[in-house]
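*Asks:* Here are the chains, one letter per residue:
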Amino acid sequence: MTSPKTMTIAKAINESLRTSLETDPKVLVMGEDVGKLGGVFRVTDGLQKDFGEERVIDTPLAESGIVGTAIGLALRGYRPVVEIQFDGFVFPAYDQIVTQLAKMHARALGKVKLPVVIRIPYGGGIGAVEHHSESPEALFAHVPGLKVVSPATPSDAYWMMRQATECDDPVIFFEPKRRYWDKGEVDTAAVPAPLHRARIAREGTDLTLAAYGPMVKTCLEAAAAAEEEGHSLEVLDLRSMSPIDFDTLQASVEKTRRLVVVHEAPVFLGTGAEVAARITERCFYHLEAPVLRVGGFHAPYPPARLEEDYLPNLDRVLDAVDRALAF
Amino acid sequence: MAHLSPPSPAAAGPAKRSARPAKTPPEATGPGHTPPPGWHPRIDPAPLLPEPEPYRLLGTPAARDVDPALLRRLYEELVRGRRYNRQATALTQQGRLAVYPSSTGQEACQVAAALALRPQDWLFPSYRDTLAVVARGVDPVQALTLLRGDWHTGYDPRARHVAPLCTPLATQLPHAVGLAHAARLAGDDTVALALVGDGGTSEGDFHEALNFAAVWHAPVVFLIQNNGFAISVPLEKQTAAPSLAHKAVGYGMPGRLVDGNDAPAVHQVLSEAIERARTGGGPTLVEAVTYRIDAHTNADDATRYRDAVQVDQWRAHDPIDLLERELRDRDLIDDAELKAVAESAEALAARLREEMNADPVLDPMELFDHVYAEQTAQLREQAAQLRAELDAEEDR
Ligand SMILES: Cc1ncc(C[n+]2csc(CCOP(=O)(O)OP(=O)(O)O)c2C)c(N)n1
Ligand SMILES: [Mg+2]
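Protein chains in written order, with UniProt numbering: chain Z, 1 to 327; chain P, 1 to 396.
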């Protein structure tokens, strides 16, 4: 038995990929700069050295080609885990993902499986130039056939990546890049919760804050701040944007009677819209306030100097909390 | 194809590298044993083939045909460009720039690209091409706006006919083709010059752009700066082609191969291609063989993927040294002129330091100003939300 280790989210994903490469010869890692360099965030550091260039592949620079060839590899039983270098560069691959990856299983009436994982470092807060801070998860969650997840802790990063790699469906794996260096415990001998199960990150009684990825930490900070003002907030880490674990969410909201959904992506037609609509349906008679949403504005992601104004922060979350509590 | 000045390998017969034996048409043995109906060779590929080795001028007798004033102009811009790169990189270390992709080692391509264009032409740069943008006349401080974490472009693309620095690789290339085609539709003589890296040639947009350009016979020139790497990935993992310039042939346009560190050679090859485009000759693909002396950006650690020996080899083939040697050997520049060039470069660096030391003041409300031609009600609502947040912050 190995004892739990403290590591960063980036390292946890690295360890997870390493374990998958060790345990399943069909697992491949591919993408731009993932081999010799170990990825621009070093998430795949050392993997090519240990597993060779045939299993950890520095591909030509072409996202459509990366995902397209991953589909072909999957048709022959491989399990490619591909990296898209930054959120803003997934779009050349969008055609392959939407018209092929998402649909082929259904088109073939289940006869073929496409166990492809697409890793995408996403979100803002790192002071980058344009196209390096996007949150496009809703564009993928909207597509039937894709599973869309995002971990918020090192433990989830490790386990969710393991589960995504073992999953027979395509999984879009959004990695909260500004939290890559956050540390936490990872128990590689634990029994993990199912991939698409939401997690209560903090228990509370007055209001539920639902978030995923980079915003979970922000919500936990908001809950700590609210506690000082005498409000007990529950923080629910959705972990999966498709499918969404509405049962866990419903149970939480039936208890707290108020819900605020938080993400970095624009509020307009974001994950929060689906959550708000569904929870309103399911919990109509329990709700004391309308479900409120907190997120980015419906404007292009701004330059680094303005991202503090764009991104949801503690104040914007607490503002929504106050409004919901005052209802 | 008189413009393809150095003899292309076509003139010397088919390239030797071909692994297949030369094919002679088989004799027909019966009815139907003929080429498919209507088939005929569409064009002769031979004149499209690039030079067998990168075209050079410096150190060759042909250099004497180049206007000395152009050599001196190129030299001054190279020196200023290198100083600019060094200063910008230093500014990243002081937190004044978010990131800087240096073009040190590639200055000859940058400068030649800018100087080969006429005012009516358009330049389509990538993120690494700040020097070309500055050499074309965009203000050197404004040109750093994007990399400073300030607004995404910072200059008016129409003022100097310079498209925004482009980060998503190769996406600028079809734009250049469209703009060039518009010139044909409008009947003017504008040419578009688009820059892309070796890595960018793997993207679908590169191929689509070349195909459109050739099919439309658009007045556009593509310049690939082959600096050996796409971040950590060397050229051999990017392409199996004999050279990137060869890719032109498959689309039906000429490919040209040039020493990217030989500024007058790059200038000449680009000028010929641009002239050809301007006079209705269609597109050209130019591959300039060069090297990225610095890391990918200040955030990159190049020692992880390449060794110092290679870098040193390229330092010995430095674009500034090559041109300076020519100028000195032929007494085309004197010490006073060299000093003046150095001073001009220092003055540029000093201006960068000074102006970049002030924090730009951005109005957050501008976030909502240019999303659409006219602001929507929805955005006005969001702007009001941010206004309220900012006011609350001030009260706190
Ligand atoms: C579509 C897209 N994918 C990935 C990236 C990330 N990226 C930025 S630069 C770069 C390497 C580009 O290499 P190359 O085209 O040779 O240009 P160079 O940086 O050498 O000038 C990569 C992968 C990007 N900017 N756009
Ligand atoms: Mg390159």
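There could be a bad hint or two in this list.
Computed from the model, here is a short list of chain P residues facing chain Z with C-beta under 7 Å [what the hints assert, rightly or not]:
1) A98
2) G149
3) H207
4) K237
5) R304
6) A347
7) M356
8) P364
9) F368
10) Y372
11) Q382
To be clear, the hints were calculated from the coordinates, so they are not data collected in a lab. Glycine included, every Cβ here is placed at the ideal spot set by N, Cα and C.
*Asks:* Tell me if the interface restraint on H207(P) is satisfied: Cβ within less than 7 Å of some Cβ in chain Z.
*Replies:* violated, 10 Å
*Asks:* Hold the hint about R304(P) up to the distance rule: shortest CB distance to chain Z must be less than 7 Å.
*Replies:* Result: holds, 6 Å to nearest chain Z Cβ.
*Asks:* Quick check on F368(P) please, does its C-beta sit within 7 Å of some C-beta on chain Z?
*Replies:* With Cβ-Cβ at 6 Å, under 7 Å, it holds.
*Asks:* How about P364(P): closest beta carbon in chain Z under 7 Å, or not?
*Replies:* holds, 4 Å
*Asks:* Hold the hint about A347(P) up to the distance rule: shortest CB distance to chain Z must be less than 7 Å.
*Replies:* Status violated, d = 27 Å.
*Asks:* With 7 Å as the cut and Cβ atoms as the points, is G149(P) at the interface with chain Z?
*Replies:* This interface hint holds because 3 Å falls under the 7 Å limit.
*Asks:* Quick one, is the M356(P) hint okay against chain Z at 7 Å, beta carbons?
*Replies:* violated, 13 Å
*Asks:* Can we keep the K237(P) interface hint, with Cβ of chain Z closer than 7 Å?
*Replies:* At about 5 Å, which falls below the 7 Å cut-off, the nearest Cβ of chain Z leaves the hint on K237(P) intact, so it holds.
*Asks:* Against chain Z, with CB atoms and a cut of 7 Å, does the hint on Y372(P) hold up?
*Replies:* violated, 10 Å
*Asks:* Quick one, is the A98(P) hint okay against chain Z at 7 Å, beta carbons?
*Replies:* Since the shortest Cβ distance to chain Z is 5 Å, the answer is holds.
*Asks:* Grab the minimum C-beta distance from Q382(P) to chain Z and call the hint holds if it beats 7 Å, violated otherwise.
*Replies:* holds, 5 Å
Hint violations for this structure: numbers 3, 6, 7, 10, all remaining hints satisfied.
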